[in-house]
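Engineer: Work out the full structure, taking the sequences as your base and the hints as a guide.
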Amino acid sequence: MNNQPLSRRGFLGRSGLVVGTIAGSALLASCNAAAKQANEGKSAGSGSRNVSLQLGWLISEGQLGEAVALAKGYYADNGIKLSIQPGGPSIDGVSLVAGGRSQLGEVSSSPSLMLARSQGVPVKTFAVGVQEHPYAYVSLPNKPVHEPKDLIGKKVGTQATGQILLSALLAKNNIDPGDVEVVVIGADVTPLTTGQVDVWTGWLSNVTAMRPLKDKYVSMRLWDAGIHLYGYPYYTTDSVMSEQRDLVEKWVSATAKGWSFARENLQEAAEMVVKLQPTLKAEDIAAQGEVLLKYAYNDATKTDGWGTMNRDVWQSQLDTWTELKQFKGTPPKLEDFVTFDVLDATKEARKA
Numbered sequence: 001m002n003n004q005p006l007s008r009r010g011f012l013g014r015s016g017l018v019v020g021t022i023a024g025s026a027l028l029a030s031c032n033a034a035a036k037q038a039n040e041g042k043s044a045g046s047g048s049r050n051v052s053l054q055l056g057w058l059i060s061e062g063q064l065g066e067a068v069a070l071a072k073g074y075y076a077d078n079g080i081k082l083s084i085q086p087g088g089p090s091i092d093g094v095s096l097v098a099g100g101r102s103q104l105g106e107v108s109s110s111p112s113l114m115l116a117r118s119q120g121v122p123v124k125t126f127a128v129g130v131q132e133h134p135y136a137y138v139s140l141p142n143k144p145v146h147e148p149k150d151l152i153g154k155k156v157g158t159q160a161t162g163q164i165l166l167s168a169l170l171a172k173n174n175i176d177p178g179d180v181e182v183v184v185i186g187a188d189v190t191p192l193t194t195g196q197v198d199v200w201t202g203w204l205s206n207v208t209a210m211r212p213l214k215d216k217y218v219s220m221r222l223w224d225a226g227i228h229l230y231g232y233p234y235y236t237t238d239s240v241m242s243e244q245r246d247l248v249e250k251w252v253s254a255t256a257k258g259w260s261f262a263r264e265n266l267q268e269a270a271e272m273v274v275k276l277q278p279t280l281k282a283e284d285i286a287a288q289g290e291v292l293l294k295y296a297y298n299d300a301t302k303t304d305g306w307g308t309m310n311r312d313v314w315q316s317q318l319d320t321w322t323e324l325k326q327f328k329g330t331p332p333k334l335e336d337f338v339t340f341d342v343l344d345a346t347k348e349a350r351k352a
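Everything in the sequence shown is counted per full-length UniProt numbering, starting at 1 for the first residue and increasing by one.
I should point out that these hints are in silico values taken from the structure, not numbers from a laboratory.
Cβ atoms here follow ideal geometry from the backbone N, Cα and C, with glycine treated the same way.
A couple of the hints might just be wrong.
[Claimed, not checked] Here are the simulated BS3-like cross-link-like pairs (lysine-lysine), alpha carbons at most 27 Å apart as the crow flies:
#, residue 1, residue 2
1, Lys72, Lys347
2, Lys124, Lys333
3, Lys149, Lys216
4, Lys155, Lys172
5, Lys216, Lys155
6, Lys294, Lys347
7, Lys124, Lys275
8, Lys172, Lys328
[Said to hold, decoys possible] Per label pair, the in silico range of CB-to-CB distance:
#, residue 1, residue 2, range
9, Leu276, Lys325, 36 to 42 Å
10, Glu243, Pro141, 37 to 43 Å
11, Lys302, Asp179, 38 to 44 Å
12, Ile152, Lys275, 46 to 52 Å
13, Pro141, Lys351, 39 to 45 Å
14, Gln196, Asn174, 23 to 29 Å
15, Gly329, Lys214, 44 to 50 Å
16, Gly195, Arg245, 52 to 58 Å
17, Ser242, Asp215, 35 to 41 Å
18, Glu243, Asn310, 23 to 29 Å
Structural biologist: Right, here's the structure in full:
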């Protein structure tokens with residue numbers, strides 16, 4: 001990953017947890033989305049359908065599986081002609097998907113979709129790319145933070161939009177917010193290395209950003225502190241799910257195959273990502289992908305395959321965000337923004 005993706009950490013430590021004001025524009029556009037999406041793919045050629053995947057951020061190691069599935073023809077084998085649309089700080093990917101510009105989307109972190117649904121945006125998650133979110137609190141050995149209580153009396157540097165994550169962590173562990181000093185910082189680790197803060201926040205897979213630390217650091221993942229979030233959840237609209245579920249299932253099957261290959265052939269997969277985004281470096285993608293894959297595959301995927309989701313993990317997130325009063329209106333119900341139908345239909349393909 002080059003300097004472009006690193007700025008993502010200033011967008012919420014790469015967590016993508018703020019929906020903003022997407023609801024109005026998304027709902028207006030979605031009025032015509034169903035008809036548009038129903039006709040998608042007719043120009044793709046004999047037997048194949050055009051599918052657009054809208055990312056929440058720039059192409060990175062988070063697209064290892066998709067890059068492989070494109071290069072190896074796994075999508076083509078399933079009758080899909082995939083195009084990947086990069087996101088960015090000025091691109092509202094959820095709104096674009098809700099409005100019919102793309103059939104599928106991916107965001108960095110799961111709460112984005114809960115918040116969107118609570119604002120009336122008709123999106124629904126059908127799979128997740130990373131089982132355990134790699135967002136972490138990073139400290140130096142002379143002032144280590146091994147567990148939540150170690151944050152007491154520390155200066156925590158985080159992005160402005162990352163403060164809700166810290167609030168969730170403190171609430172979960174019964175720590176008085178007044179016992180922790182919050183300093184709003186940017187994306188790089190300089191405030192930590194220069195002693196301006198005691199703790200820096202970011203994704204552990206962001207190897208390039210953390211290089212100045214030279215592996216001399218202590219990390220505490222948000223997940224290990226009791227806040228269980230998913231990374232890289234995939235979503236679509238209610239209309240696509242009801243009218244083109246077979247397309248979503250074929251896409252998931254091909255993508256799972258791509259991630260399986262990437263897991264066993266990381267360097268080759270990294271080079272395929274670079275073909276999609278030539279400004280990247282394969283060695284960086286491979287290094288970051290090695291870390292990301294540790295969290296993309298776990299005991300749950302051993303049993304249920306890549307992309308699986310756990311109802312209790314989702315409910316825990318929903319309960320936490322409700323308790324923290326993050327929903328402007330009535331909190332959504334789990335079934336409003338999560339569906340397990342696609343996973344059920346593709347279980348054998350995802351375990352292959």
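Engineer: CB of Gly329 to CB of Lys214, is that within 44 to 50 Å?
Structural biologist: holds, 47 Å
Engineer: Using the Cβ atoms, figure out if Ile152 sits within 46 to 52 Å of Lys275.
Structural biologist: Holds, at about 48 Å.
Engineer: Are the Cα positions of Lys124 and Lys275 separated by 27 Å at most?
Structural biologist: violated, 30 Å
Engineer: Does the Cβ pair Ser242, Asp215 satisfy 35 to 41 Å?
Structural biologist: Violated, at about 49 Å.
Engineer: Next pair to validate is Lys294 with Lys347; report whether the Cα-Cα distance is within 27 Å.
Structural biologist: holds, 21 Å
Engineer: May I ask you to test the hint 23 to 29 Å on the CB atoms belonging to Glu243 and Asn310?
Structural biologist: holds, 27 Å
Engineer: Between the alpha carbons of Lys172 and Lys328, is the straight-line distance 27 Å or under?
Structural biologist: Roughly 21 Å between the alpha carbons, so the hint for Lys172 and Lys328 holds.
Engineer: Verify the CB-CB distance for Gly195 and Arg245 against the hinted window 52 to 58 Å.
Structural biologist: Taking Cβ atoms as reference, Gly195 and Arg245 lie about 54 Å apart, which means the hint holds.
Engineer: Please check whether Leu276 and Lys325 have a Cβ separation lying inside 36 to 42 Å.
Structural biologist: Given a distance of about 40 Å, which is inside 36 to 42 Å, the answer is holds.
Engineer: Mind checking the alpha carbons of Lys124 and Lys333 for me, to see if they're no more than 27 Å apart?
Structural biologist: holds, 11 Å
Engineer: Between Lys72 and Lys347, does the CA-CA distance stay at or below 27 Å?
Structural biologist: With Cα atoms ~21 Å apart, Lys72 and Lys347 stay inside 27 Å; holds.
Engineer: What's the verdict on Lys216 and Lys155, does the C-alpha distance respect the 27 Å limit or exceed it?
Structural biologist: holds, 19 Å
Violated hints for the displayed structure, listed by number in ascending order: 7, 10, 17.
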